[in-house]
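Just so you know, we're using my numbering here: the sequence shown kicks off at -17 and counts up by one.
Rather than coming from a laboratory, the hints here were simulated on the basis of the structure.
Certain hints may be false.
Pairwise CB distance ranges, derived in the manner of DEER restraints [as the list claims (entries may be wrong)]:
hint, residue 1, residue 2, range
1, P157, L260, 11 to 21 Å
2, A155, Y265, 15 to 25 Å
3, Q232, A6, 19 to 29 Å
4, R154, W115, 20 to 30 Å
5, G182, R261, 21 to 31 Å
6, A6, E85, 36 to 46 Å
7, D231, A101, 12 to 22 Å
Quantities reported herein were computed from a predicted structural model and do not represent experimental measurements.
Note that the Cβ used here is the ideal one computed from N, Cα and C, for glycine as well.
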Amino acid sequence: MVKEGEGPRPPHRSQARGEPLDGATALSGVALVTGASSGIGRHLVAGLAARGMAVAGLARSGERLAAAMAEVAAASGAQTLAVPADVTDRAAVDEAVARVREELGPVDLLVNNAGVIDAAEEPLWEADPDQWWSVVESHVRGAFLLARAVVPWMVLRNRGRVVDLASGMGVRARPEYSAYSVAKTGLMRMTEALAGALEGLDVRVFDVAPGVVDTPMTRAMPMWRGFSDWTPPERVVELVAAIAAGELDQWSGRFLRAGADDLAVLRATTPADAARQLRLRPYGDDDPLA
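All chains should be modelled from the sequences, with the hints used to inform the complete structure.
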């Protein structure tokens, strides 16, 4: 454990719990991925386990989650743990994180992936208020509760990485997906606020937009009907793995896009000012907010 007053330590990187994929960065430690039973979360669980991490998966559907985590363990030889919980339930989140810590160890990488989408493509005034708000809660309250339960332990150890799954809809609102747009914008603000609070520590926070990955959620969205230019899920895994390895620390508090951003460029670039952060654009040189 890092004692108070000690300086930052480099991220823990070593081969453990099985062989990583050929050419992939070897990782160790414990990852906690929410929304792990299907879609992007399921790909992340498999990719992180294949690189040597012990992985805890959290999702509401206990039976499907248990099956997914068992499949990953069998394929990778990694230690996995299925933890059924609703990310919007404070007591359930606290209990889930405590269980991960007790059975696997302290969390080195938290990936806030869980979240739902608007029930239908419709303007805000036609949306069901309860369903609309449940979308915002799933992304914002869920990530807040996970960070609240996990980050203090990262601070205590002076080591950890947090990834919030962002979206292009967080920077360019879609009127037919107003709840999802609001949720992802809020999540980006939370990422930046958390990164600022952690400045000076070896605990970093990132927004990662996965692009349009072929998942049951995107398949269910009418706007992607007939779409074929999917972002390979491997690109999302590679980006998150690079973050876990401490290779992109200079991008903490900023927005990264899997499938569009080149990892080599990201590694070699130190962003300045408010690059890749949400800001108002001035209307001209005389704008008082410029």
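Does the Cβ-Cβ separation between D231 and A101 fall within 12 to 22 Å? Given about 38 Å between the Cβ atoms, the range is violated.
Evaluate the given range 20 to 30 Å for the C-beta pair formed by R154 and W115. 22 Å, holds
Do Q232 and A6 keep their Cβ atoms within the hinted range of 19 to 29 Å? 22 Å, holds
Between P157 and L260, does the C-beta distance stay in 11 to 21 Å? 19 Å, holds
Return holds or violated for the Cβ distance of G182 and R261 against the range 21 to 31 Å. Given about 23 Å between the Cβ atoms, the range holds.
Given the hint of 36 to 46 Å, is the C-beta distance from A6 to E85 inside that range or not? 25 Å, violated
Is the gap between the beta carbons of A155 and Y265 within 15 to 25 Å? 19 Å, holds
Of the hints listed earlier, those the structure fails to meet are numbers 6 and 7, in rising order.
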